[in-house]
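Participant: These protein sequence lines are chains W, G and A, in that order. Position one of the first sequence corresponds to residue 17 (the working numbering), numbered consecutively onward. Position one of the second sequence corresponds to residue 58 (the working numbering), numbered consecutively onward. Position one of the third sequence corresponds to residue 129 (the working numbering), numbered consecutively onward.
There may be inaccurate statements among the hints.
[Said to hold, decoys possible] Quick partial rundown of chain A residues pointing at chain G, CB under 7 Å, derived from the structure: (1) L152; (2) E156; (3) L238.
Think of the hints as simulated: they come from the structure by calculation, not from any bench. Cβ atoms here follow ideal geometry from the backbone N, Cα and C, with glycine treated the same way.
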Amino acid sequence: MARVLIRNLNKFYDHDVHAVKDVNLEIRDKEFVVLVGPSGCGKTTTLRMVAGLESITSGDVLIGDTVVNNLPPMDRDIAMVFQNYALYPHMSVYDNMAFGLKMRRVDRAEISKRVQAAADILGIGDYLKRKPRQLSGGQRQRVALGRAIVRHPQVFLFDEPLSNLDAKLRVQMRVELKKLHSRLNTTAIYVTHDQVEAMTLGDRVVVMRGGEVQQVGEPLELYNAPVNRFVAGFLGSPAMNFAPARVHEANGAMRADGTGFGIEVPAEFGARLRAYAGRDVTLGVRPEDLSVANGSSPPGLCLDAVVEVVERLGAEILLDLQVGGQTMVASVEPTVRAQRGDKLRFALRPDRLHFFDTASEAAI
Amino acid sequence: MIEGAKWRRWVYFYIPLGAFVLWLLFPFYWMLVTSVRPDRELYRPWMAPNYAPFWTAHPTLVHVMDLLTETLFTRWMLNTLFIAIVSTIISLFCGLLAGYALSRLKFPFAGSLGTGIFITYLVPQTLLFIPLADIIRNFRLGDTPWALILTYPTFLIPFCTWLLMGYFKAIPRELEECARIDGATRWKAMLYIIFPIAVPGILSAGIFAFTLSWNEFIYALVFLSSAEQKTVSVGVTSELVRGDVFYWGQLMAGALLGSIPVAFIYSFFVEYYVAGLTGSVKG
Amino acid sequence: MAISEAVTGRAFAQAPQRGAATRLLEDERWLAAALLLPTVVLLGLFIAYPFVEGVWLSVTDAKVGIPGHFVGLQNFAALLHDSIFRVAVWNTFVYTAVATVFKLALGLWLALLLNRHFRGKAFTRAFILLPFIIPTVLSTFAWKWMFDPTFSVINWTLFQLGLIHGRINWLGNPDLALISVIIVNVWRGVPFFAISLLAGLQTINPELQEAAAIDGARPWQRFWHVTWPLLLPVTMVVVLFSVIQTFADFQLVYVLTGGGPANATQLFATYAYQIGVGTGLLSEGAAVSLAMFPFLLIIVVVQLLYIRRVEVH
């Protein structure tokens, strides 16, 4: 059972920098979990504590059923892929991949078998005799992966492995990583700042900020039901639109009015928002949930906007809008005709609205 | 760039450069000419009308032969070679380990130790030679090559450490971390990953250390007394002057031959030597 | 596929039992201690211990073969009244100051010359380091021979050029001896300065010079305002090393003049040798050696502070 359990994990640097704050996570056997968040959120520190490269200030890390806090990295049966590949420059590709096995005194025949097998999976069989400096970025990344694979570890750790690749290669490698994981079926912890990688690669995603876990769950769960404003704004591109609004009761129905707009609060939020009557909340709506209003759109759920910028991407059109006092972005179909300066009305979907407590930023 | 007329290039560049090169290399030429000049030409005063300094019509190897057969010169060369090689090995060993510890490991007093080692580099030998002579005598190492082999590292190690630290710092941490995750102990990661990558630095440090050892004088002068134990520098200085008479032919031959090993190594490893020199300054 | 078959269903193997030594060396602090041990032992034994012993010697009246008794600062007091010592101090300062200035100026000039592209640059660069590589004592003998009053090739050349009319006793004339010694020291040190400063020059972005040229600066101005400030950190380090070595110099003077004529070239180191080893007055010799220390310390500290200030900028 190669699950990883992180219990009440804390990391202090120099007594006053609290880099990781009381993190609790369970990564199940064979699961691919992504830790995502902006730089400085503690995701890499957490990963390095699991690897044994950073000391643990308090809390436990368990791999399987063993507490590994005091085990050196070499005894934890893990493999890590680094952002800068960390290939040994003075060794050939073959020796790079064989190094870990040599350290564990695996016999030569077995080493050769494993290296060849990994090389075949990754398509680097032709490069085994070359040195890292003779390879391109993508090839080096594959070698780094190969080096991890041959070890047959219990857990794979990834520290932003795709960040150094150019955009096109990154997309390609993402797909390959996903295929690789389903093939290898090994527990993996993956750290990245890129929310697209998080959404596409993770079985479950952990969003972190300022050393704390914000939310854990399946990607779509986090996308559709973020627990706070940060998670809501972090996942999804372009980011969710936020607008401050005041909640009040009018004619028996709840309304949320901001500067230059007002909507009727849908029934499912009504009860929860009643507690906020007379106070400010933050309204959240994703760009793709803003569509150009037509005759069948409920009037209470519409926003009037002025188009400021039109960005035609081919598969969609992004409209930068001025809605009353704030800017918003809408993502609409490529067939929509719009020009700078047009006044358009947009409809909201009642099931795709979000409200957040302005002070605590928690979802309502 | 020197813009403009060709004469400017000559005046501002070729002539000064030529003058420098001439000035810096002339003494070696002089050494060479003197070594092969027969005595009757050698001891001709400069005021004499047939003083022809820059070449000789009758080159002879008699000085070189006398040097090799009548003096202990070959013995001195072997002594110096032995001492230089062993000192270099000891210093590289200590320097590698210390350099790695100071640049890659976190431990209390790391800063002060680093500064301490730097400071010992600045302590000149002429400050310590008198008490050291006493200590060497007490350890019964006087008049043996070990007196030098153990004391030379005092100025070689700080240099090697400092130079190698510069090389180590340029190696990314991830390489060691990856090695440790792959299954290597810290010790093995240091040996199999870091050291091989730092080989250029090791070469530079080694060559520089060898040169410094070969060049050392005052410790060798003070700690060694019998003629068979002397190093080339000391031997040439003390044994080739009999009474008040300087045997210039042999002296220059000795100076020339005594410089050959160092010049030889240097010629093959110029880049490494220069890297060592500039590394110590930039470090 | 072979790999996935091998991976599935394997229980987490127990971490191998490792020996106590291995576990200990995994700890950063113990490993550091083990790695630093040989160095600390060697340096402690042959630098720290002699230093302390030197201090002890200088406050006793020990002579060779005769252990000494504590006499306080008597040796140092005697030195203050020793006219030769005073001459040695003066000589050392003059020697160091003049030689360093020339080494810096000439070394810098040579570095600037070498900083261009020309045929044979690599060879030239390699050859000019020879004075620094070849054992000092050996090349100094060549100079001694070149300076010999009766056989000097320098005298001959100057005479042929009509610059002198009689013999010049470079090393035997008290007024000339120190100058001669300085010449040899500068000859030996210029390559070190040149190569180090050259390396420093090569790290300066040539675009800065070009921008200055476009702005209308003449070569001298470009040097003073662009090159020199950027070169200062390297320069200061080189000067620091050179000053220390020159201040404590022994080999050159020992071979060329032995400290004479009439102490005209006597330095700290040669005087200490003369007293301590030559006449066997260990404690007084130790005192002379140690007298170097306060001066050296001040020079080093001043320069280090200056270096730090320059680097911060």
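Participant: Hey, does the L238 of chain A contact hint survive, CB to chain G under 7 Å?
Facilitator: Because about 5 Å separates L238 of chain A from the closest Cβ in chain G, which is inside the 7 Å limit, the hint holds.
Participant: Min Cβ distance, E156 of chain A to chain G: is it shorter than 7 Å?
Facilitator: holds (5 Å)
Participant: Minimum Cβ distance from L152 of chain A to chain G below 7 Å?
Facilitator: With a minimum Cβ separation of about 11 Å from chain G (threshold 7 Å), the hint on L152 of chain A is violated.
Comparing the model with each numbered hint stated earlier shows that hint 1 is the single one that does not hold.
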